[in-house]
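Protein chains: 2
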Amino acid sequence: MTDRLGAPRAEPIFERLALIGVGLIGSSIARAAREMGLARTIVAIDRDEGVVGRVRDLGIADEATGDALAGVRDCDHVILCVPVGACGTVAAAIRDGLKPGAVVSDVGSVKASVVAQVAPHLPEGVAFVPAHPVAGTEHSGPESGFPTLFLNRWCILTPPEGTPPEALERVRAFWTAMGSNVEIMTPEHHDLVLAITSHVPHLIAYNIVGTAADLETVTQSEVIKFSAGGFRDFTRIAASDPTMWRDIFLHNKGAVLEMLGRLNEDIALLARAIRWDDGDALFNLFTRTRAIRRSIITQGQETPEPDFGRRRPD
Amino acid sequence: MTDRLGAPRAEPIFERLALIGVGLIGSSIARAAREMGLARTIVAIDRDEGVVGRVRDLGIADEATGDALAGVRDCDHVILCVPVGACGTVAAAIRDGLKPGAVVSDVGSVKASVVAQVAPHLPEGVAFVPAHPVAGTEHSGPESGFPTLFLNRWCILTPPEGTPPEALERVRAFWTAMGSNVEIMTPEHHDLVLAITSHVPHLIAYNIVGTAADLETVTQSEVIKFSAGGFRDFTRIAASDPTMWRDIFLHNKGAVLEMLGRLNEDIALLARAIRWDDGDALFNLFTRTRAIRRSIITQGQETPEPDFGRRRPD
Ligand SMILES: NC(=O)c1ccc[n+]([C@@H]2O[C@H](COP(=O)([O-])OP(=O)(O)OC[C@H]3O[C@@H](n4cnc5c(N)ncnc54)[C@H](OP(=O)(O)O)[C@@H]3O)[C@@H](O)[C@H]2O)c1
Ligand SMILES: NC(=O)c1ccc[n+]([C@@H]2O[C@H](COP(=O)([O-])OP(=O)(O)OC[C@H]3O[C@@H](n4cnc5c(N)ncnc54)[C@H](OP(=O)(O)O)[C@@H]3O)[C@@H](O)[C@H]2O)c1
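As they're listed, the protein sequences go chains A and B. Positions 929 to 1242 (my numbering) are the ones given, in order, by the first sequence. Positions 929 to 1242 (my numbering) are the ones given, in order, by the second sequence.
Simulated from the structure, these hints should not be mistaken for laboratory data. Hints are not guaranteed to be accurate.
Which copy is meant is left open, because identical chains are indistinguishable; a pair holds if it fits in one copy or across any two.
Below, computed lysine to any residue pairings styled on SDA-like, alpha-carbon distance capped at 20 Å [unchecked claim]:
1. K1181 / N1192
2. K1027 / D1206
3. K1181 / A1014
4. K1027 / N1212
5. K1181 / W1204
6. K1027 / L986
7. K1181 / P1093
8. K1027 / E1094
9. K1181 / P1028
10. K1181 / L1197
11. K1027 / E943
12. K1027 / D995
13. K1181 / D1205
14. K1027 / G1090
15. K1181 / E963
16. K1181 / T1114
17. K1181 / N1212
18. K1181 / L986
19. K1027 / P1093
20. K1181 / G1207
21. K1027 / D1002
None of these values were measured; they are calculated from a predicted model.
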């Protein structure tokens, strides 16, 4: 398992790449695409002129603008890097600027809803290859990005039927060059998989942090002091961007509620095992769950260091 | 906030310290007590002769034995570092070896049950100062310990009424010298606080990892591949020692089930907000939870680095 990006490409995959939304993901793509030579010109687009200025200062794109319609003109790859609830509006805003043969993509954490929002706005001759890089941190904004964010992580593509094979291949090559492993599935299956591997974990984390803050028997100051017992782990993902996560839950409602139902069934069994002193049931579950972490580490999706390799006093 | 232990003491606090159970916690105490000069002699006791041999090889104690009764003889501080379910048996086994004036303690993650198990076995003239260092990793065994485990972490003491003040002060000084902040509370309040900051988070983590492994619509291999979306965070605490955690749940039943009930009420509200598109309710919760992580970081209980400072490709 390598921990660096490879040598840059001799020839770019795209001539002109537009990134709409230059937060954690958009700015990480800008940095990785620049480092790997994936586009001759990178155009960063953000609705917030303050962010446009910061992007210029960071020097992570060749051009930066607040005007999405003008920004996408002549681009052969356009990636929406905005919250999933904003994708339809952004697609509508750029439709008249998209050039024939352009490949549009996105990075949204939900896929069926994004496809439904975006596809209707795309003109004939423009291909749509939705993507979701399964990689991130709890931080946001253009300063938080880094070029190796996608390295050794999976990127899921959910191309609609009829997607031109060469559009799919270029998008695949683009993500592969940034170090990702690419997998293809339907938007619906994606949404189910991510509900259990990402969305419900976030919901559970937000929930426990919220509940702990509201208890009348334990003070918030106690919760904070004694958080090293396990609670603090949950606060990381419960510190992720509120807009992004609101949109994810509203746009992947069905799968999230279904997975939550499953979780509730299983927690009821666990509560029962505790109430009736069924130590064996607990012990068996706790042994199985250990094995799953080992597989995640073996497959390079997690650090083998104890405590996530958290900064440790020396 | 310092990240090193201070200078060793000129005079030890205890003459002869016995640690019963030399796993993560016992071996970390051995290392820290040695480094800080907290005891003239450290006796490591483990029921497993193989572990006794490894402890000798590691050189973390002055003496190592498999015989608890002989090991505690002449010791003025004896700390039980075994799973909470084993504390009563261990106390019974050492009672006839305890010297008058000795101070017995433990490190169990549950306190009311440990007090109930241990106190009846202690002879007149032996003080009991139960302790719980809120610090750990998901690893176990004598190799996993390290001397700064307790640095900048809280250690909770739950002395019963009538504990001699000098016994309490020596235990407090012992933990303070290992870098901990000491707080005193009743066993019952401890168990409620830890239920929400540690026990229920572990239960939730074990539960989601178990549920994910058993789904029929998403394969285990998909769960592993796409775990970087949040799921993998939960697998860390769900990889903790099964015996230790079985015992914690069985011995802190009341508080764990009570806190789980609270969590269930709140998750029902969240599910309703998702179902009825109440984006504001979600957004408000997600903003509040962010603030809690900030406090935990400010108070030195968590690393400020994104993604826990997980090893990042450079
Ligand atoms: N963070 C992760 O871990 C992660 C991982 C995989 C995929 N994703 C997906 O990536 C996308 C971006 O997330 P991120 O983490 O990069 O978020 P971020 O750092 O918060 O950046 C979001 C970007 O979207 C822009 N934006 C927000 N609302 C908008 C609107 N209504 N119209 C136009 N632009 C808008 C923001 O503009 P301003 O500059 O005005 O704020 C900002 O540039 C989301 O769809 C998310 O689901 C995130
Ligand atoms: N790990 C944490 O994060 C953490 C944090 C705070 C407090 N604690 C508490 O610390 C205590 C020890 O935990 P640990 O993490 O150090 O566990 P560990 O690394 O698994 O070590 C447990 C030790 O207890 C011994 N032991 C187990 N069952 C026993 C029995 N029935 N009779 C006698 N000895 C027995 C083990 O002996 P063998 O060598 O034979 O296995 C081993 O030496 C537990 O009460 C736990 O609740 C743990």
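Of the numbered hints stated previously, which ones are contradicted by the structure, given in increasing order?
2, 4, 6, 7, 9, 15, 18
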